[in-house]
Amino acid sequence: METATLIVVLVIVLALFFDFTNGFHDTANAMATPIATGALKPKVAVLLAAVLNLFGAFLSTEVSQTISHGIIREDQIDSDAFLPLIFAGLIGAITWNMFTWLLGLPSSSSHALFGGLIGATIVGAGWMAIDYSVVLSKVILPAVLAPLTAGLIAFTATRLAYAITRRYDTKPDGRDGFRWGQIFTSSLVALAHGTNDAQKTMGVITLTLIIAGWQSSTQTEPQLWVILACGITIALGTYMGGWRIIRTLGKGLTDVKPAQGFSAESSTASTILASSALGFALSTTQVASGSVIGSGLGRRGSKVRWRTAGRIMLGWLFTLPAAGAVGGVMALMVAWLGGVGILIDAVFAVVVILTIFGLSRRNAVTAANAMSEVAESGNAIRVKRNPPPTRRQRAAMRAEARREKEDSK
Amino acid sequence: MSITIDWLAFVQVFVAALIASVLVVGFYSLGLRLLVRAGRVPVVSPAEFTDAITVITPKESQRAAKAAAKAAKKSPLTAGQRKVAAFGAYVSFGMCALAVLGGLLLIIFNR
Numbered sequence: 009m010e011t012a013t014l015i016v017v018l019v020i021v022l023a024l025f026f027d028f029t030n031g032f033h034d035t036a037n038a039m040a041t042p043i044a045t046g047a048l049k050p051k052v053a054v055l056l057a058a059v060l061n062l063f064g065a066f067l068s069t070e071v072s073q074t075i076s077h078g079i080i081r082e083d084q085i086d087s088d089a090f091l092p093l094i095f096a097g098l099i100g101a102i103t104w105n106m107f108t109w110l111l112g113l114p115s116s117s118s119h120a121l122f123g124g125l126i127g128a129t130i131v132g133a134g135w136m137a138i139d140y141s142v143v144l145s146k147v148i149l150p151a152v153l154a155p156l157t158a159g160l161i162a163f164t165a166t167r168l169a170y171a172i173t174r175r176y177d178t179k180p181d182g183r184d185g186f187r188w189g190q191i192f193t194s195s196l197v198a199l200a201h202g203t204n205d206a207q208k209t210m211g212v213i214t215l216t217l218i219i220a221g222w223q224s225s226t227q228t229e230p231q232l233w234v235i236l237a238c239g240i241t242i243a244l245g246t247y248m249g250g251w252r253i254i255r256t257l258g259k260g261l262t263d264v265k266p267a268q269g270f271s272a273e274s275s276t277a278s279t280i281l282a283s284s285a286l287g288f289a290l291s292t293t294q295v296a297s298g299s300v301i302g303s304g305l306g307r308r309g310s311k312v313r314w315r316t317a318g319r320i321m322l323g324w325l326f327t328l329p330a331a332g333a334v335g336g337v338m339a340l341m342v343a344w345l346g347g348v349g350i351l352i353d354a355v356f357a358v359v360v361i362l363t364i365f366g367l368s369r370r371n372a373v374t375a376a377n378a379m380s381e382v383a384e385s386g387n388a389i390r391v392k393r394n395p396p397p398t399r400r401q402r403a404a405m406r407a408e409a410r411r412e413k414e415d416s417k
Numbered sequence: 005m006s007i008t009i010d011w012l013a014f015v016q017v018f019v020a021a022l023i024a025s026v027l028v029v030g031f032y033s034l035g036l037r038l039l040v041r042a043g044r045v046p047v048v049s050p051a052e053f054t055d056a057i058t059v060i061t062p063k064e065s066q067r068a069a070k071a072a073a074k075a076a077k078k079s080p081l082t083a084g085q086r087k088v089a090a091f092g093a094y095v096s097f098g099m100c101a102l103a104v105l106g107g108l109l110l111i112i113f114n115r
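Those sequence lines, one after another, are chains A and B.
If you count by my numbering, then the first sequence holds residues 9 to 417, one letter each, in order.
If you count by my numbering, then the second sequence holds residues 5 to 115, one letter each, in order.
Worth double-checking, as some hints may not be accurate.
With a straight-line Cα cutoff of 25 Å, these simulated DSS-like cross-link-like pairs (lysine-lysine) come out [unchecked claim]: (1) A:Lys392 x A:Lys265; (2) B:Lys63 x A:Lys265; (3) A:Lys265 x B:Lys70.
Note that these hints are calculated values from the structure, not bench results.
Computed from a predicted model, the values in this text were never measured in an experiment.
Kindly generate the complete structure, drawing on both the sequences and the hints.
What follows is the structure, given as structure tokens:
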């Protein structure tokens, strides 16, 4: 019994650490656009993001239930053997996250988490322990569809914003006012991030508590202390991560106009919030990237840089299986070596965590970490400096030409 | 074991998110447009920081504000019409906030 308690505590600590890195890593996603367009001072932006992440954690529990009561078929597994597997899965997720972070590859912490859990479960408890229809309909399909959805919506919204505020008499069009609006929409993105991402950790902790027998499996909602702990941890991570991002943001940001940023953020926030309400566990990074690309395409004279866009998507595709493989190897240790395997896993986890801390303290600014992924995805769109005329401008030009022709006759 | 997928849920997310975004962006843009019509052109210079975007100096910001005021003076609208436009603008901003609030309440009470 003692070892079981120890492992539960270890899993909770590791899950909260994952939650912290999630907030740490994702501050830029919510706040990159308002900082880039100058809507918010960085200090204010980071503080706001942290507070709203905390609030977001309390909005809904659907995503958490997807993880604690959906993906893994609890009736198919033996609970004593399963606790170390969750542990192994978490190590897989954290390791993969650190690896991609070091190499500057686009990745998704959410999919690393699912990959790690699924990989470890398959290795340790067999193929039947996973409920594939839940994995497909709540994780894999949303991963493909949500960025597309967000992109399409952002495209429409950007077109709408520009069309409504367009003026043909070259007088001021008031688009500066979207800067105020961005304070509001980027806050919504931070809220949505808390709603979706904090819940993933809640789900893992709840799953652990149920398997350890500390929570009845009929109680689907996470306990209050779990919600509170996850909310506070992600808020803390957001706050701390923000400082790193502010220091490194400066260079190479893409050209995002206030109207465009406003539309992209509205689309990101509404897609994530609507998905969270239905229990889809999304990657917030991918949705935000989809929105930025979609809104870029909504501007006149824009083109996709397929090479950049392709590189981003390739990184997304790799995350789930790669984290699954690492989680699987960690689970193999447990399956083959038993208690010694758990010890090896734990030592490995400590090494990974210490490496992350060591590297984050060094604060190296390189091309790989100088930008948030979302801001980087803006590079996938090229916008002409002088956009082609709108239909109405073309008509005006034709009329002008006709008039000149008649005058010269 | 058969795999069942609730495709309707995806359609739901798409439609809900589309409606929410279009309402928020549409009303906000309409509000800005009306604000401009009312002769109150918003000039919002970027906050401090950022070496990534074109930083506007206070001087340039003042110049922009002056240009906006000048353009507003030439407005063909009467004082009364302008008041109506300004009122409309604030109503639009209010509708935008209501749309967000409504969406959040839907999520919270959807449990």
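Going through the hints against the structure:
1. A:Lys392 x A:Lys265: holds (13 Å)
2. B:Lys63 x A:Lys265: holds (21 Å)
3. A:Lys265 x B:Lys70: holds (22 Å)
When held up to the earlier numbered hints, the structure conflicts with none and fits them all.
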